[in-house]
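Asks: So the sequence lines, in the order shown, correspond to chains A and B.
First residue of the first sequence: 5, per this note's numbering; consecutive thereafter.
First residue of the second sequence: 72, per this note's numbering; consecutive thereafter.
Think of the hints as simulated: they come from the structure by calculation, not from any bench.
Be careful, since some hints might not be right.
Unchecked claim - Derived DSS-like pairs (lysine-lysine); straight-line CA-CA distance at most 25 angstroms:
hint : chain 1 : residue 1 : chain 2 : residue 2
1    : A       : K254      : A       : K46
2    : B       : K313      : A       : K379
3    : A       : K183      : B       : K328
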Amino acid sequence: MAQDLDSLPDDAFRLVVREWVEANYPPDIRNPLKRLHWDECKSWYFLLAEKGWLCPGWPKDYGGMGLSPGKQLIMLDEFERHGCARTIDQGVLMVGPLLIAHGTEEQKAFFLPKVLTGEHVWCQGYSEPNAGSDLASLRTVAERDGDEYVINGQKIWTSMAMDANWIYVLARTDRKAKKQEGIGFFLVPMNMPGITVRPLLTLDLNEEFAETFFDDVRVPASALVGLPNKGWSMAKALLGFERIFVGSPKQSAYALARLRDLAERMGVADDPDFQAVAMRHQQDVDDLTDLYEVYVEQVRQGEVPGPDVSMLKVYQTELYQRITETMLEVAGEHSGMLEPMEGNRALNPAGLFLQSRPSTIYSGTNEIQRNILSKNVLELPG
Amino acid sequence: MTTAEDRSESLRMIRDSAAGIAPRTSDLKRIRALRFTEPGFDRSVWREMCEMGWLGLLVPEDNGGSGLGVQEFCALTEELGASLIPEPLIAGALAARLLPPDQLAEVLSGERIVLPAWQEKPLSLDLAAGGTVFTNGTVTGKKIFIPMAAGADAFLITVPGGCALVERQAAGVHLDCQTTQDGGNQGTLTLENAPAMFIAGDVSDAFETSIMATSAYLLGAMDRVFGMTMDYLKTREQFGRKIGSFQALQHRSADLKIQVSLARATVNAAAKTQDDSTDPATRKAAVSRAKARASDAASVVTRGCIQLHGGIGYTDAADPGLFLRKMMVLAPAYGSAALHRARFRDLAPAGDED
Ligand SMILES: Cc1cc2nc3c(=O)[nH]c(=O)nc-3n(C[C@H](O)[C@H](O)[C@H](O)COP(=O)(O)OP(=O)(O)OC[C@H]3O[C@@H](n4cnc5c(N)ncnc54)[C@H](O)[C@@H]3O)c2cc1C
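Only chain B is shown next, with the shape it has when bound in the complex (with noise of 0.2 angstroms):
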């Protein structure tokens, strides 16, 4: 059991060691020159992220990981967010969290990059639908939605009972990506008998984490362009003041700064209630809520900030706008805010009610 202290020292240096890569100063410009590229993101700067230890963050110690908690991959996925990093660290994670030992190396160093795809339906927390299923050494079925696929060399098919690992290059494999309103893509993969290696366990867990760990993306990013307009309205002046001086703008931006702090703390707590609760429901309630919070709020947010800019905010080339788009992307992802409620209404333990 780490005490309070050594956690905050450890979350500490998480996030010092995130400003290496992911700058809460940064100007964008990389996550611009990325923005409807193939595959969307760097792979010298996903290996980089792996030599930091960050994809194999929760992967335990004995199994070349660094055995940290949710606390502190939230921590980091919070300074993603803040930069808007387009390399997909949260499914990259989960994936190695599902691997076994002899399949990890390659991939947490970042020669390899494996990628889950658990989603069949839209709007859908269900891991193995019954779509897609792994009988005699292959995996037939149809997975949508894979964050970042056109950079996978391989996918983690998630199977009733486990995972089916498949070679993007195997036959009876097919991969056909859209362009995300983000810049990056999603996948949509087809696998007709498509050889592949199954892999038994419980993916649940691991997949709660990627869940907290996008509300925590969500949250940096929501933070960051709401530091970035309360600057606008210090500078920007019409009228002969600051725009800021109007109260129209105060009080908006007061509510905005509720939301923002609604969802740190929702977050904050949900991220320790994974790491000190043992109980399944009352672990995933509070992702839920988590999640839904996020999801809530970086849309309040984000739209609020584009119309404190004014004209500039509708502009490709003010920031306001990335985030926006991004948030397009990420609250729906892993479950959006209505199916988070739906979720923790069914999960919340019963003293909640009154």
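Pulled out of the complex, with its shape left as it was, chain A reads as follows (with noise of 0.2 angstroms):
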């Protein structure tokens, strides 16, 4: 099955995505209002597990679909188009490709399955309270202690926390290296003892991230992924097709779609000031999907992004933001009411409004990413 549709045009295998897709995917959770907890997406992942589809990056020895990264995103793709929701995903995008290329042969047998399965769900323990932005000063520790290590810290901001069993960690293993270098990579089942998960709630009033306490807590050497030095630039490298991902223009897509049906229901579509709006988001989601695409075929041919793909995340989600941000001029009075116009999911101005926020703020600011460019790209002084 798998190797048919790698040797797919791509084109066909678009197509034969898109149906599936559509004959497939639980109705109740499409476009969802909010970003979903296990409970109510779990449904679509088992889905894709079933049909072998969850994976698509992993190697077909792992039981991944083997696709170049091309497909993948065009997988991508018509799950957004379809408004698929985004399932609990760490497993997938960051542990699987984690373990593959670090991990032992004992590791891989033991968590791969299991991420295939559904029965793991991952959550990504980087941010600190006093580590964000500047993550390398994370002071979370794992001391070795004969063969097992103990952790002590906290995590912070730490998304579905509240519905995963795993967590996968940067702790320090040497408080005297350099910053960078003293860092591990462990992988810790939440139910263990010393482990505390205290829910946030985000701007949106959604239980989305976590505060996660690490008091004491006991994992044997074997949670240690790659050498006990080598946690941070493993976590880098996990980095590039995320910087990919936020930056496809189909967020900023979906939202111009929304405004576009807001527009209609406040009967201002056809007002000549509002065109000339949304054509200037049109033409800006059209510009960025032909920068976007100049980064797809990169991928496509093998090659791995440089620094210069932060410009895709700073530009999508500002210009996400910038809709949302007409839609509340659009939506006038409405755009103060908590719950979506009509009870109309497609018709939630204040919803996406507040939902746009932190897309500026996770994946590294878009400050931090302008840094990136003017430094390694611009290579500015200073």
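From the two separate chains plus the hints, produce the assembled complex.
Replies: Have a look at this one:
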């Protein structure tokens, strides 16, 4: 099955994905109002798992589809186009690729199948209260004690920690080494004694992330991936695909479609002022799509995008936000309401406005992305 | 005519008196606790505000008010905005200015809460769009987006030629309240031959004051959240430095400061125009310019403050979000920025064109 898919021309492949999604995606969770919890999105996760489409990027030997990066993006594209919910995908996107590259045979044999079945649901324990943009200054420690590590510290903004049963953690293994060099990468079950999760409400009033505390959490030495001082470089290498992912124009295109629905409902769709604004957004989306294609092509050719890929993240997230700001203008007083207009999920200006806010904060804030662009791409002094 | 000195003294006194109920340093605990409750504000605080004379600030002294000007009222609502006070003082004061003297005592004392209901369509400043009419002692029609309607004892409904006073509990009155992003509520009022008392008069002047007062409230809110954010930039450290030392954030902060200052200058000038000018077009044009700026600047500033906070800015527990959500409700209230720019275009003196 998967062999056939990879050898299909892109257009034919896109059609196969589209038809299957349209026929099978659970309609009740289409275009969800908020990021879904495990109970709400697992039907989709299991559907993908059963079809063998859960892990497009993993090699076939490990139960993935072994798809080329270009085809993976097409799949993503089709899922977003249909309004498919994001699953709790850290196992698929981060843990799998990490273990395939750096894990031991035992680690791969134990963990990969459990991601594929949904038995393990993962969350990411990187950020700490005092280590956000400056992640390398993290202070959670993992101290070697015989054939165990003892983890102490606190993580924060851990997305879906309340739903996950495993967490991957960056923790300091060597306090004397240079910032980036004394960090290890650990795989920890959430039900360990000493782990406490305290959910946090987002601005959008969703319990979407949490504080995660580690108090003398003992894990076997086999919880470490790779070398005890190589966690940082392994984690960085995982970010390349993420940068393209957050730069996908689909998020903006989705918001623009909702803006048009809203304009229709508010009776201004034919208003020349509205059309001028909508046209500007449309062109921004189209031009971003062209730029995105440049990077997709790189990936298709097997190249690893350079630091300039940060342009996609900056432009996409800010365009997304601009479009939701126009939504507030068009919605007028409705933009102050807590619930979508007329209970219609497609008419949710306030919700989209709020949900677009963190996109310029997570995955490296846009200020940090601009620093990368000016330093590593433009090579400006300082 | 008051002198400039008298005026600044009276504005200072108003600000000082506001500090009793709405201190700029308040921790916003009371505001958080009232969110998403019914009616969304505290009647005992309302009574205190009335005792301070705030509801009747613009009501003539002969009628039991303080007879002060728009500048004083805006100074007060700016302070309320800085503390995100949920009690519907701006709306209540609008009604108080329109009620006849014999209806005022209970209202000014805070015993009875009368809130205005003027709007019939979204994005409209039309006080009597024609959908709500008074005939034979009853009123019929529909009004929407009534601020804090869940706490009203009676409504003052705008109709052609004046207002109609309707008891909330009266026959033919149906109130449906929707929760707003700031944790308050807005009502949709459906009236079917509801018994009402007609009050003839022109609503528009009092209405203009409400637009001004809302602009000042937004000014107070944006100024406070901006101040909080500057404090955060001076304390939060990343990369071994205060984040306020990063030039990217310094420039962003400077841009936000420009917005706050523009809003302050425009709102103050427009409030003065209300007290000094008698030309309706000049007065209205100034109001529209103030509300357009205040709405836009509040949006830019509250959004910017979330970004400057990083992850913590996207939590409900952090205060900047409270200001952002208040902005979402008040930026469009009493006319959005776009609506007021359009009205300004229609009203601006011809000389402003070139
Ligand atoms: C919705 C959401 C989900 C998240 N999920 C996860 C998760 O699952 N796991 C996880 O580990 N983390 C997660 N995060 C955390 C995210 O990675 C951090 O919020 C982000 O890295 C910023 O760190 P901070 O919040 O500490 O902000 P800070 O780093 O304190 O930033 C505050 C402000 O300072 C600016 N700033 C900082 N340094 C510089 C500089 N050098 N130059 C210019 N400006 C600078 C920032 O851009 C920002 O405007 C999530 C965040 C959000 C909002």
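Asks: Hint by hint, say whether it matches the structure.
Replies: Each hint, compared with the structure:
{"no.": "1", "hint": "A:K254 to A:K46", "verdict": "23 angstroms, holds"}
{"no.": "2", "hint": "B:K313 to A:K379", "verdict": "20 angstroms, holds"}
{"no.": "3", "hint": "A:K183 to B:K328", "verdict": "36 angstroms, violated"}
In this structure, the one hint that does not hold is number 3.
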